[in-house]
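Engineer: The residues making up each chain are set out below.
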Amino acid sequence: MNFEFNEEQKLLQHSVEAFLRDNYDFQRRQQQVESDTPFDQDLWRQCAELGWLGLPFSEEDGGLGASAVEMMIVFEQLGRYLVIEPFFETLVLFGGALKRSRHPIRSECLQQLISGQLHGALAHFELHSRGEIGSIESVSTTTDDGFCLKGCKTTVYNAPEADFVIVSALNLVRGEELLQLFLLPANKPGLEIEAYQTTDGRHAAELHLNNVHVDASCLLAEGSEALAILRETYDDALLLLCAEHQGAMEQLLRETVEYASERKQFGQAIGSFQVLQHRMVDMYIATELARSLLYAATLKSVDQSPDAGLFIAAAKVKSDTCAKAVAESAVQIHGGIATTNELSIGHYLKRIIVVSHLFGSTQYHQRRFGKLSRQLFAPGGMA
Amino acid sequence: MNFEFNEEQKLLQHSVEAFLRDNYDFQRRQQQVESDTPFDQDLWRQCAELGWLGLPFSEEDGGLGASAVEMMIVFEQLGRYLVIEPFFETLVLFGGALKRSRHPIRSECLQQLISGQLHGALAHFELHSRGEIGSIESVSTTTDDGFCLKGCKTTVYNAPEADFVIVSALNLVRGEELLQLFLLPANKPGLEIEAYQTTDGRHAAELHLNNVHVDASCLLAEGSEALAILRETYDDALLLLCAEHQGAMEQLLRETVEYASERKQFGQAIGSFQVLQHRMVDMYIATELARSLLYAATLKSVDQSPDAGLFIAAAKVKSDTCAKAVAESAVQIHGGIATTNELSIGHYLKRIIVVSHLFGSTQYHQRRFGKLSRQLFAPGGMA
Amino acid sequence: MDLALSAADIAFRDEVREFLKQSLTPSLKRSGDLMTSVFSNFESAMAWQAILAEKGWAAPDWPVEYGGTDWTVNQKIIYLKESKRAGAPSLLPMGIQMLGPILIRYGTEAQKHELLPRILSGEDVWCQGYSEPGAGSDLASLKMRAVADGDDYILNGSKIWTSFAHRSNKIFCLVKTDVDSKPQAGISFILVDLDSAGVTVAPIVSIDGEVEQCQVFFEDVRVSKDNLVGKENQGWEVAKCLLEFERGGYCYYAAIEKQLAQVRRLAAEEKTAEGWFYELDPVFSTRLAELEIEKLALEFTENRVNCLAEGKPGALTSLVKVAGTELSQKVDALALELRGTHLPLLQNEALSYGFEGGFIGSEHGLNIMNAYLNNRASTIYGGSAEIQRNIMAKQVLGL
Amino acid sequence: MDLALSAADIAFRDEVREFLKQSLTPSLKRSGDLMTSVFSNFESAMAWQAILAEKGWAAPDWPVEYGGTDWTVNQKIIYLKESKRAGAPSLLPMGIQMLGPILIRYGTEAQKHELLPRILSGEDVWCQGYSEPGAGSDLASLKMRAVADGDDYILNGSKIWTSFAHRSNKIFCLVKTDVDSKPQAGISFILVDLDSAGVTVAPIVSIDGEVEQCQVFFEDVRVSKDNLVGKENQGWEVAKCLLEFERGGYCYYAAIEKQLAQVRRLAAEEKTAEGWFYELDPVFSTRLAELEIEKLALEFTENRVNCLAEGKPGALTSLVKVAGTELSQKVDALALELRGTHLPLLQNEALSYGFEGGFIGSEHGLNIMNAYLNNRASTIYGGSAEIQRNIMAKQVLGL
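In the order they appear, the protein sequences are chains L, Z, E and U. If you're matching positions, the first sequence starts at 1 in our numbering and goes up one per residue. If you're matching positions, the second sequence starts at 1 in our numbering and goes up one per residue. If you're matching positions, the third sequence starts at 1 in our numbering and goes up one per residue. If you're matching positions, the fourth sequence starts at 1 in our numbering and goes up one per residue.
The set of hints was computed from the structure by calculation and includes no laboratory data. It cannot be assumed that every hint is accurate.
The following label-pair restraints were derived from C-beta to C-beta distances [to be verified]:
1) Z:N23 / U:N348: 29 to 35 Å
2) L:S107 / U:L5: 33 to 39 Å
3) E:K240 / L:F26: 34 to 40 Å
4) L:S107 / E:L280: 44 to 50 Å
Calculated pairs, EDC-like style, for lysine to aspartate or glutamate (alpha carbon to alpha carbon, straight line, at most 16 Å) [stated by the list, open to error]:
5) Z:K371 / U:E274
6) U:K394 / L:E258
7) Z:K150 / Z:E192
8) L:K188 / L:D163
9) Z:K324 / U:D332
10) Z:K371 / E:E290
11) U:K21 / U:E82
Every residue gets a Cβ at the ideal spot worked out from N, C-alpha and C, and that includes glycine.
Taking the hints into account, I'd like the entire structure generated from these sequences.
Structural biologist: Given below as structure tokens:
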């Protein structure tokens, strides 16, 4: 066992951190959030030039074939700097689903993505899914030359900026519901994008499928293949959300300790009050415990270990719980100022709360862990 | 609304407290616990002379007809002084069930009880009951001249000292299980009492019903009447356990604050450390919140309000939770010494843990509250 | 000891219920149901105040001669509880709840005569100038100065966390009138027109995108000495008294009961990942039962405190404030779970008074993310949870 | 970064498993499964130590020349984990874990030569004289004195919380050899025979009725200066080093894994009030899942710490101690629920080594109430949870 990054990984961590430190301080981030454009296209192009957009893709798709560990390193920094550019949506969700498909368009599409010219969104979950991949209601009906899609996808991040959208629906075939994934251009007639800015400074949409007619060629995958694509993509995604949380926790702890050391009340630095000291220690403990599970789950995922799913569920529960506690403590210790738009603290809190509920709540992942645990742990324990 | 005791109630509180202060300090209590006799017969007789054993019984039964408020007052003091004498078992459980029956022996039996000459035990719950009154497995078979009882009652407090035992069993009548309550002399053949001292310093037993043959005259009640007797008796009992917790919490808080003010470490009283101060404040908050629900539930019970059951479940949950937290904090703040037999703190902890699990766990009462709450709260809220 | 309502109280309760039934319009009720903080939105609060003022119920705590009521403590509790339960908006407390009682106790006859009616009528909207930048809970360290100049003072400094200053025309302030004295001495309590020359109001945008708080800047603002409440340099006494009104004048459990009602409503509408309604989910039910039980404990604690103190708030208000705000935050967390995937949507305009347009997601959960975010401040303002615990350690436990 | 075990480690793991399968008798395993504290009962610990000593595995952390092993950090973790998982009793740590490494680092050749073999063989049973009455976590304020008298010291004072002093023949003590110096200076580390004249051992009965702790009294006890470990007045350095061994030498997650296994076993046997098994109860399962997840987080934190520190315990041990003991107490609470109505029964004799008599209730839950009560002390001894947080605030956060 070994929990140290190797030299290349340290280099990657260093260069992402240095880039964001120079290009992404909180003030500039806020200017971007409050501007008319959803994110910084120049920055995106720079990242493409740095090769970062190619990280999670195989070399034959034009990427760098980085592992989950490298992705974790990058997302920790994205979380730390509250980056709103759609790395998660375009690379991990859209790109993640696409790269796992066998569709002829895959390679071309990914190459455009890697060069920074193409954005995508994955529109799978719906109002009632609550994280359960199998639980959607959108319907695909087979037509003469393809399919007709009906339904509504909820809170689809990056949909307003996407060139392509991957959409899921259920097709009733001989009384069985067959899961299908489609790759559609975002301007497809019938695809209505009800866009809004999100509380965490990004852009998302309700995506209405109003009888969207698509060619058979749009079918990306179906059945167990489609399910596997989604499951693997969301497993990756959950891990990277944990990594984002991790970066946020680190930064919240750092800023809180700094603030508490400077801010005076009743004639002394508030960091000298034992109750606040212990609360900050609990932030530290939470951060470290979450980090351990993040590492463990990421490495299990790299190993494609049979208990990887179990560890990912565990990491998500722990990461959500810890990140929420850390952010709430950071607000409490900062006091009123942290509840304003001015300070970064409240923005971390918002991102953490939102992310913690997007793909199923803590309760959901806890229950998922329980089920997987009974399967894996029960007979004689894990090896 | 009014939450003050009236003059008689204050007087009662004062006299019980004064009596215990003079006669029941912790050292003497421990001598009694470590002695050969389960409890102090002299003290019991004194209490009989003071009339306290008659409190919960009606005047026609020779009692004083005190309300749940007066009983609460007494039990708070019993809890505060960790009294091991079987007020709860003989008066509340055994006496409580007996006084609600219409059996001819009732009055005579209660008079003996009130005069301090008779002890009893209520043997209803079994290993798998977990607080659910309807959930027992002991069987009663109808015979020519009575019944034959088989089964096992678990953790029957005061059984080793009881003259009479009230025992429950299910009789299969026309395919329906009929709940029956029997009043038996404790030396009845077949009634095997496997006695032990409990961790909270009292005496209890596993009570084995090895084909106990009883006359028809031993039948105290059956069917819905038996169920009502048990339900009302245990509702009273739960409230008085909360009252006991309440007295324990008060005393734990008092002793902890005192200890923390005196005990020095690192050159200062440990009570000057802010973290311990806040922990003691949380003990105080818990104690007061629990007290409020205890009062509310007791008054609902006096009023025979339709939501009394709901409030009793709520009070039990809150009281158990708070008492456990208060006792654990008291141990933590006292440090190692509180984990020894010498100090009272650990004995409060043991009593609190035991009591919190005897008639169903916190989880059980929480669930019971949930069920009752859905019935009562749902349509338009409470009046 | 008893829980009984007297016949008079029952009659009173029925009168309140009937009044609420008649007077709470659907728009007002919607604003009350979808509150995102302890404050209602400004428009609904003022609209509801106008209705109450007409009925004579706008300031129950004031003496009858000033337009108040002669209600007993019990009746005030009944009124608060029934109003919350019916979904009435909250009135802005700065004038009615805070300044009013102070004027009645410390004000001159002229001040009472002139100002109290204007509070009731809504002509004057007051805000509170207590905290200053860099000194949140630490009132004794305030820096804003009032220097005497003939019959006037010249004010310089800044106040922060002044709720609704951007919607107010007046402010009451704590100012330093003697800088050489000890921290708590040399403080005075003074009334200032916000349209005075030299006053600037800067709104503070909250993390939920709304503005409730402001910072107010004072640059050589001239105010007549007639505007002092109480004597010069005795403002600390007035301030402490007001803090007690602020802490005591709130019915936490009724607000939490409303939160819980919302949670139950959503739990009957929203489904878990397993496909059943949340209200049928055992884990969710257990968490809800836990909080309902805590609500009951708080409710009867507040009742006890109110009965004990006969309406006069005491040290126990610290307990109630801590227990109330912390419980309320636990209910928030449960509500987040129900709102689920729609949490990123802050649809602030859909929460405004009289809104009739469209929105995304369930209407019953529209305010949940806002309320969660806003309510983080409840354990900070008005004496943080830490300060309250310090107070209890000292005053109650003698540590 | 990887989680992989090397081929050598896998072979080692299999060797450990095979050894445990062969050597752990049912009585030893029962004692291991029904531990009521961090200590096994004395008899089973010594019996297991004898078996390990024969195998050469009794003191993995010692150098090979003194009877230790050359295991890597990973191998030591594997060994600890497999031992716990198989239900092996714990060895008493005072000799092997604490004094041994101290002697190896600070002892004279004579001390090492004479004492180390006697620790391994079980001839010497050591206890630890650190805490004194009135100074639990505050080691710097100790009062026990050693006054030089020729080649000897004369010892006077008292030590408390000396685990298993009543079963030991020797004690290592921190004593004050220079009373005029600053608190942490003037302390020496000395070895004492418990059968010396003037030593009295008074057992302390715990709230679970067992004796693990003692108080030891020293009245004019004469000890040769040869019994110093390290130099006179330099005991503080030795003590600090030992505290780190004490804090670092424990595998919290493996013990918690065992607790959780017991909970799962009971949950498969015990039924809820509703009549189904606890393992099928959604609320119970959720609570269990919560704790299992926390256990995993702790497990990989301990793994990380062990890898980082290459076997040398550092400041992160405070984190592990706090997280480990507090989690362990949460598992206790869940176990109480399962034990239910049988909690009042402390059947201590049924927990003794080799016991074959009868008892009441499920055997799998026999130790639950004892373990709960005993484990309350885990957040107190060895530096309380509060002290550990103070340490982290200072050392890690720089506050």
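Engineer: Tell me, which hint numbers fail for this structure?
Structural biologist: Hint check: nothing fails, all pass.
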